[in-house]
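Enquirer: As you go down the protein sequences, you meet chains A and B in turn.
Sequence positions in the first sequence follow our numbering and run 1 to 408.
Sequence positions in the second sequence follow our numbering and run 1 to 182.
For the record, the hints were derived by calculation from the structure and aren't laboratory data.
Careful: at least some of the hints might be erroneous.
Derived BS3-like pairs (lysine-lysine); straight-line CA-CA distance at most 27 Å [claimed, not checked]:
1. Lys27/B - Lys248/A
2. Lys8/B - Lys59/A
3. Lys223/A - Lys248/A
4. Lys256/A - Lys298/A
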Amino acid sequence: MDDSETPTLPNAPRSLPGKIFDVLSGFGLATILLLLLGLLTWFATLEQIDNGLYPTLKKYFYWKSVFILPEYNGKMIPLPLLSGYWAGALLLLNLILGGVIRIRKGWKHAGNIISHLGIIFMLLGAGVAQHFSERGNMAVGEDEASNTAEDYFEYVVEIAEIKDGKSGPITVIRGKDIDDLSDGKTRQFRLPKYPFALEIGGYLKNAQPVGITERAPDRDQLKADGYYLMEKPDENNAEANTAGCYAKVIFSDGKKSDPFILAGASFHPFSLRLDDRIFTVDMRKRLWPMPFTVNLDKFTAEFHPGTMKPSKFVSEITRIEKGSEAKVIIQMNEPMRYEGLTFFQASYGPPGAAPGAKMYSVFEVVRNPADKWPEYSLYIVAFGMLVTFLTKLGSFLGAASRKKHRHV
Amino acid sequence: MFSSCEKKKEVVVTETRATTTRDQAPKLFATSDERFRDAKPSPVKGDTPEGWLSLPASQFRLLNYRFGESGMGEVWVSLANGTVLDNVNRWLGQFTATKLDSAGLEKLPPATIAGTTGKWVEAAGDYVGGMGAEPKPGFALAGVVTSINGQILTLKMVGPKAEVEAAKPVLETFAKSLRMAE
């Protein structure tokens, strides 16, 4: 090991910023953060059994969650922990300060610095994925085509004008603008392209419209045209939640319509006629138009002998874009990557399909700008370790050679 | 640590999306029944007995009625999953009655329903319906389960014991009047 290139006076008092820098860049903090991340992963793995994967991921690793209290078997564990996102952010800072800035420089340490840069790249990729990625699913039947993915969780309100029986471009009110509208809160939405506005309130994360003759309201719920929204407990599988809310049309003279229900569980939209123009208002999971169409030519599911455990799902598709076609096979562990989108073979249906039944394939669609960053970071880390190894080997061989010559 | 900012009372919406293969010609001016029950014509029809109150169909009840003076008597017709035995045992389970095996099922009396022969089922006691409902003491059940066209058709009557006893002959007649829609 070389002597430090910057000699310091022994026992020189360290300034406060210096001490902070030493802590933030030290091995101690790195060790604590790595142990913390391991602990968080362990707790989250146990908790998601009871509480579901998505809510657990949100609790442990979402950026808005700073401190968490783990739960096990429905009981809270009184051990406040820094959340995974912020532990990772602190680890990123630690690596930059300690692994790149503070670390000894020189060609003998180049390999270590390269490896640290690789890990920094991976942590940055995790941050990019959290803030900028989109995920959804696309279900396509055999001999059918789709150009749309559907978000797993986000419910939106959509407004469209109908001309000649068809929807025009659709205006979208995003989930983040309505999912806080519970407990009496309402919000008005101005729609520049339309001769009316909307007022929305009474949002419920998981609800079912129920007829008042079928089951009487028990909590003085708002009724609309003989129905009300019956709140349901959150589903363990968060994708199965169906949101609902109440809305009113605000006309140009400021008057408001009677309330009507918008529900993810509804079969048809709410319709409105104004001055010979027809509009629809609907609530559904956010649709994500794709830049190309996927036609499912053939779907094959194979199972382990004597079981219903799948061994292989294979989707043979045609990707159609601006008149050109490409044949692609998508199967487990072999996704299709195209134009920044990744299509993974996720599942199939209908459940328990008999042999010969018409099937559909379900793809998970992901747009993640940092999709390949973990892979690239591994290459960088591996290269850094190779450089470290070769450096050490070269030093060892050089020292051995000099020793041999001295004895000659 | 992060307190949420007060969100605006009014938002101007500018986000749009293009139509997709999912945006088929929408059903315009659908009624609430159509929007929330997708009320299509029932695949099963029947002659409503005198004195029974006909109610709107629901997700699980193709034909839906109330009967009896207490207002607690219910009759409904459904298409179910599983087998005849599964459904019979599910009903018996709601009264904590002993479940049957195939041999026990064969011994149940036959009943005519929708042009086929099904099994007549009865039970009595504390009724625990689905979805975490509170037990209802002093209730009874009468009904018919049959397999028709590859589906399980059920006709189920539940209510206070005395009212169910009195309504059994009417139920039997109603079962015979059921017919599958063409």
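Enquirer: Now look at each hint and say whether the structure bears it out.
Expert: Results of checking the hints against the structure:
| no. | hint | verdict |
| --- | --- | --- |
| 1 | Lys27/B - Lys248/A | holds, 20 Å |
| 2 | Lys8/B - Lys59/A | holds, 26 Å |
| 3 | Lys223/A - Lys248/A | holds, 13 Å |
| 4 | Lys256/A - Lys298/A | violated, 51 Å |
Checked against the numbered hints above, the structure violates only hint 4.
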